[in-house]
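Number of protein chains: 2
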Amino acid sequence: MRIGILGYGNLGRGVEYSIKQNPDMELVAVFTRRNPADLKINSNAKVVAIEEIEQWQDKIDVLILCGGSATDLPVQTPKYAKMFNVIDSYDNHKQIPTHFENVDEAAKEGNKLALISAGWDPGLFSLNRLYANAILPEGKDYTFWGKGISQGHSDAIRRIEGVKNAKQYTIPVEEALQSVRNSENPTFTARQMHTRECFVVVDEGADKARIEQEIKTMPNYFEPYDTTVYFITEEELNEKHGGIPHGGFVIRTGKTAGDKNHVIEYSLKLDSNPEFTSSVLVSYARAIYRLSKEGQTGCKTVFDIAPKYIISKSDEELRKTML
Amino acid sequence: MRIGILGYGNLGRGVEYSIKQNPDMELVAVFTRRNPADLKINSNAKVVAIEEIEQWQDKIDVLILCGGSATDLPVQTPKYAKMFNVIDSYDNHKQIPTHFENVDEAAKEGNKLALISAGWDPGLFSLNRLYANAILPEGKDYTFWGKGISQGHSDAIRRIEGVKNAKQYTIPVEEALQSVRNSENPTFTARQMHTRECFVVVDEGADKARIEQEIKTMPNYFEPYDTTVYFITEEELNEKHGGIPHGGFVIRTGKTAGDKNHVIEYSLKLDSNPEFTSSVLVSYARAIYRLSKEGQTGCKTVFDIAPKYIISKSDEELRKTML
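These protein sequences, in sequence, are chains A and B. Counting along the first sequence from 1, when you hit position 190 you're at 190 in the numbering used here, and nothing is skipped either side. Counting along the second sequence from 1, when you hit position 148 you're at 148 in the numbering used here, and nothing is skipped either side.
Since the hints were made in silico from the structure, they are not lab data. All figures in this text were calculated on a predicted structure; none of them were measured in a lab. All residues carry an ideal CB built from backbone N, CA and C; glycine is no exception. Among these hints, one or two may not hold up.
Unchecked claim - Only part of the chain A face toward chain B is listed, based on derived beta-carbon distances under 7 Å:
{"hint": "1", "residue": "A29"}
{"hint": "2", "residue": "Q95"}
{"hint": "3", "residue": "P97"}
{"hint": "4", "residue": "F100"}
{"hint": "5", "residue": "K260"}
{"hint": "6", "residue": "L270"}
{"hint": "7", "residue": "S272"}
Construct the entire structure; sequences and hints are all you get.
Following this line, the structure appears as structure tokens:
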């Protein structure tokens, strides 16, 4: 299976590493908008300018798109789905139906197969929502995120005047989790489900009281939550908050006959959000390769993929060792 | 979707109830080895003697087999896979490959579609083993069961002389779970993962010391575990231990680049083991119905079924609401 990567940020590097963990795959090229000569990568793949990508159509089985969901993927995935089998981790939930339509049309035009939104949310969390809803049709869904770094919230703090750098952790409220697990079917406000912890580095002489106030009262981002602000040094931020951990919980509680309660819980605890997402992308790239060989075209999501396609074991072996 | 049930024990009653929770399904007949006139059921379905089942081939879309794995299903599933689309919850892990071959051959002969081993283990736990192994190829798997009633262990106690009744709970060891969740990659003995609690009712005048000794030293069943025995009255057993709860944990821990740890955990907490298994059977019956309409035949497992087939929502709705 010959894989190409488009975009060499955290996600692209994660995919590169993940491919090394999967002997049935080979990374053949990394496509970049930068000057290829300036890009040092961690494998023997070719580094190729994005302008030359069309010449690689016969040399790549699946192109993994590692750009961002805000501006890269809405353009890139439909564009390259005409030339390659592609997969992305598009995570703007509200825009997924539109993105799907665009990619589906493009892939069908190119007679290629595409898969969007492969990651953990959307992705593995979505799968667990589906399985749990199918099995317990009368019930209630809960998704908690964290403990982990929210890029969007960290960015929002950095935009405040006087802030040099910041990291924001989203943290699920333990009592809320327990109430759900006890089948109490609680209805939560945002504040009751998650708290927010901010580690902030300020410019010399900046007004900390004003900054803390601006953070805590920021609409949508922080106002609806109990937010704690810690002012720390740049050194401490880099030393203790340099990682990109994340995770969360998908729980569905439901009833069967005679008011019997059932709790289905799925959780992730990830040291590196982008590296884990990369691993999901690589597994689903395998599925796309196999299903394209079976003649499938158009756009798919994780809901459309039979689990056996994402793992490099035979059906017999799977039944014998994992069923 | 017209459903038939074969066997009206805990599982069959659970399927009957679950069908009521799924408006796209209708229970049309319950087939029984008992005298149909003696069997009271909780729905308007016909109660039919098993001998007449062949006459129902055109009236049933999927037959759900609710017998036991020890002696019923190895015979019934291949037998009825020649006449109906069938699904079972066969749970003898070691014999799954053989059962699969038998059912696959029969279903192909009858041009029907079958699915075996749909429950939670095998079933949902198996799915989670597969997904987690595909995504974290370098890692370690752990399955913990409980807290729940083990039918096999309860039966083993009941066979001891002087024992009138007994219930056995399998309980995961909390410290072991924590060690796994902390990515310590422990290697466990059986004793370190689970403890066993036995609630035993004895005949009048029975030698409790001898019975306790016989339980605790029973090879395979109890000797490899820390086992606690409580002698209680029949009343207390019925009052406090009358349910059939179960559940467990499937955890995979694995690494990506730079020694980063990731933990994928799936858990179930079930008030009723058979009713939950029934709900899984019913969801997968939907998939079998749909895939048979697409012309598929032979035997499948949960690994072969794209998730979207088990839920009664359109692809568009799933992408919009669950992805």
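Tested hints:
1. Interface restraint check for A29 of chain A: the shortest CB-CB distance to chain B comes to about 20 Å, outside 7 Å, so the restraint is violated.
2. The beta carbon of Q95 of chain A is not positioned within 7 Å of any beta carbon in chain B (closest approach about 11 Å), and the interface hint is therefore violated.
3. Among the interface hints, the one on P97 of chain A holds; its C-beta lies about 5 Å from the nearest C-beta in chain B, closer than the 7 Å criterion.
4. For F100 of chain A, the suggested interface contact is upheld, since its CB lies about 6 Å from the closest CB of chain B, less than 7 Å.
5. This hint holds: K260 of chain A has a C-beta 4 Å from the nearest C-beta of chain B, less than the 7 Å allowed.
6. Using the Cβ-Cβ criterion of 7 Å, the hint placing L270 of chain A at the interface with chain B is satisfied: the shortest such distance is roughly 5 Å.
7. Checking S272 of chain A against chain B by beta carbon gives a least distance of about 5 Å; that is within 7 Å, so the hint holds.
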